[in-house]
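Visitor: Chain residues, written in single-letter form:
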Amino acid sequence: MFACSRINTGRASLDRSAIKVKTQGGLEGDFAVVICRACKDPPCVRACPLGALEKREDGRVVFKKDLCDGCGGCADACLIRAISMDAEGKAIKCKHCGACVAFCPHGVLEMEEVEE
Amino acid sequence: MLRRVLYIDLDRKESFVEDRYDLFEEWLGGTGVATQLLLEGCPEGADPLSPQAPIIFGIGPLTALFPAMTKTVAAFKSPLNGELGESYAGGRLAMAMRFAGHEAIVIRGAAESPCYISIRDDEVKIKDAASIWGVPATVVGYILRDVEAGVGRRSIIRIGPAGERLVRYAGVVVDTYRHFGRLGLGAVFGSKNLKAIVVSGTEDVEVPDPKRYREIYNQLYKTAVKTDAMEKYHDIGTPINVNVLNQLKGLPTRNFQESSFEEAEKISGEHLADNYLFRRVSCAHCPIGCIHIGMLKTSFSRHHEFEIRKISYDYELIYALGSNLGVTTPEGMLELIEACERQGLDAISTGVVLAWATEALDRGMITEDETLGIPLRWDGVKGYLEAIEKIVKAPNDFYSTLARGVEAASERYGGRDFAMALGGNEVAGYHTGPAFIFGLTVGVRHSHLDNAGYSIDQTAAKKPLTPEEMVDAIIAEDDARGVYNSLIGCLFARGVYTPDKIVEALGSVGIEKTKEDLEILGRKIFEEKYRFKVREGFDLKKLRVPARFYETVSTVGMVDPDTIETMMKIYRERRGWD
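Taken in sequence, the protein lines are chains Z and D. Be aware that the first sequence starts at 0, since it is given in numbering that gives the first Met the number 0, and climbs by one per residue. Be aware that the second sequence starts at 0, since it is given in numbering that gives the first Met the number 0, and climbs by one per residue.
Hints in this document: simulated from the structure, not taken from any laboratory. Check the hints yourself; a few may be wrong.
Partial list, computed: chain Z residues near chain D (C-beta under 10 Å) [unchecked claim]:
{"id": "1", "residue": "A2"}
{"id": "2", "residue": "C43"}
{"id": "3", "residue": "L78"}
{"id": "4", "residue": "R80"}
{"id": "5", "residue": "S83"}
Virtual Cβ for every residue (Gly too), placed ideally from N, Cα, C.
Produce the complete structure using the sequences and hints provided.
Guide: Set out below in structure tokens:
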């Protein structure tokens, strides 16, 4: 999370990280990593009225911050809660850059090509 | 009493509730009612994976009121064998439906794009599930927990990739560790673009005479907890059967080529309890706690980075993904179980399909061209893990045929004699003798739990039974379970709920029935299920018994095909079918 905010926003922040690492309850109780999975038919893209989110041919869902007016529709639309809003009211969205992977020393995170 | 049926139409994205006193008066609840809803809601000859084919869930009059009355029935047309699809799951679903005020739910149509259904009391919402389509069944649970209300009282049921891709024996995972496993409900969900259902409610249940209710409750509770009626399910759990059946020559091994396994001790309930068990949990309102969770420590990098995976294990899974695949290590077996959990596959069918494929490859009926280079061999866990993924992804004709079940696979590639299915359903983990084989053949859903033939065989191993006696015992169980599955109780507690106790329990919640009433009802429910089966093309005369059953020694010795034929004659007479 620090790698993500450091590299993408220049700050040390948990809130501004586009990758979220959290503990979870339930009967099993484990760590969970929440990250944009680049859905086939992304609900966030459909939810954005301004076209700030766009599905690219290579599968990525990219975010154009200057078009975002901070309505939060994308964050609500994403069931896995991979999108959050920053202090200025703009969406925080993973761009699949792999910065987090480079700073994971434990082999938990990996960057891989996915078919489809 | 509640008498409400919730109808959800995925085509129109709408829902409504109807009071169906008629149905519940006559058919009690559970499977009695669900069978009627299926008969009226599923058009004759409907494709099981078409929008026309409905999904029906039902609970019963004792749900949430008595110990171990924890099951929900699902009724549907099976995409695996094309006739009656029926499956039962525990967890929290039955309680959640009761408190949401719906004794039955009927889902019709199909959504245009991935969706999930959120039911909270009377509020029903059909929501977008595009962001969780393709996500493993295990993970969907964690995700929906965070976005849906009702912590601690809700039920979350969902499919994995197997259901989405219409594997004909995909199941539905219920609250992480329970399942609608058998006969392909997961594929029916997938065909409707339905990823999950979340149910929660805030109602409570009133009883007409609380004093009487408490008295009966106390008696049943005492029997369940303080006698040995259910002890085996709590202590070692269902895997206690591994060693028992192994000694009795009833534990199917390497695709039923043998009936005892030289490495059984390593995957036995005792060994797992001593070395891998770390928690036992219960379905909602069950005092037993039969769900055994094993821990599997695995490393995910070469530098001693570990995770602990928590995997629920039961006897049937140990058979299907253990002895029947010749798997000799608990770790390997637990990994295979987990792969089925993630993909949302029925473990029994998956194991039987893989066992057939292993033998077919061994005998040269298929080659590694078909398996795409995966060397399927006994105890080859790595290969099996890869094959499970390929069954779901179906990259070639071979794997897409495996995804249609062992019946389809053997029709296409041969090896019918060792394709271990009866009535189109891959068989459970017993080679105990004729009552098991016959019980699966005639049972309404071709499940070992229709009439427990395996138990009749074990009785016969001590004191021989005539074909007449076996048939009578099977018919008695078939019919009695129609009633029990209408209440709906967990079959592990069937020893607690004797016919007298069922009458008393129903009476205490305002339903007056006699034992005779219930006997007649049991028979009627059985006949109604057969009505659906026959309507959809089922023909008892055309059923095939794989020769392997007659080639491998069973608990009661070699099984003679003539015994099965004799039993069939007696059965048809007793049922009045000739």
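Visitor: All hints are to be evaluated individually against the structure, with a verdict given for each.
Guide: Tested hints:
1. A2: 18 Å, violated
2. C43: OK, holds: C43 (chain Z) within 10 Å of chain D, min 8 Å.
3. L78: Nearest chain D Cβ about 4 Å off; hint holds.
4. R80: 6 Å, holds
5. S83: 13 Å, violated
When each numbered hint is compared with the structure, violations occur for hints 1, 5.
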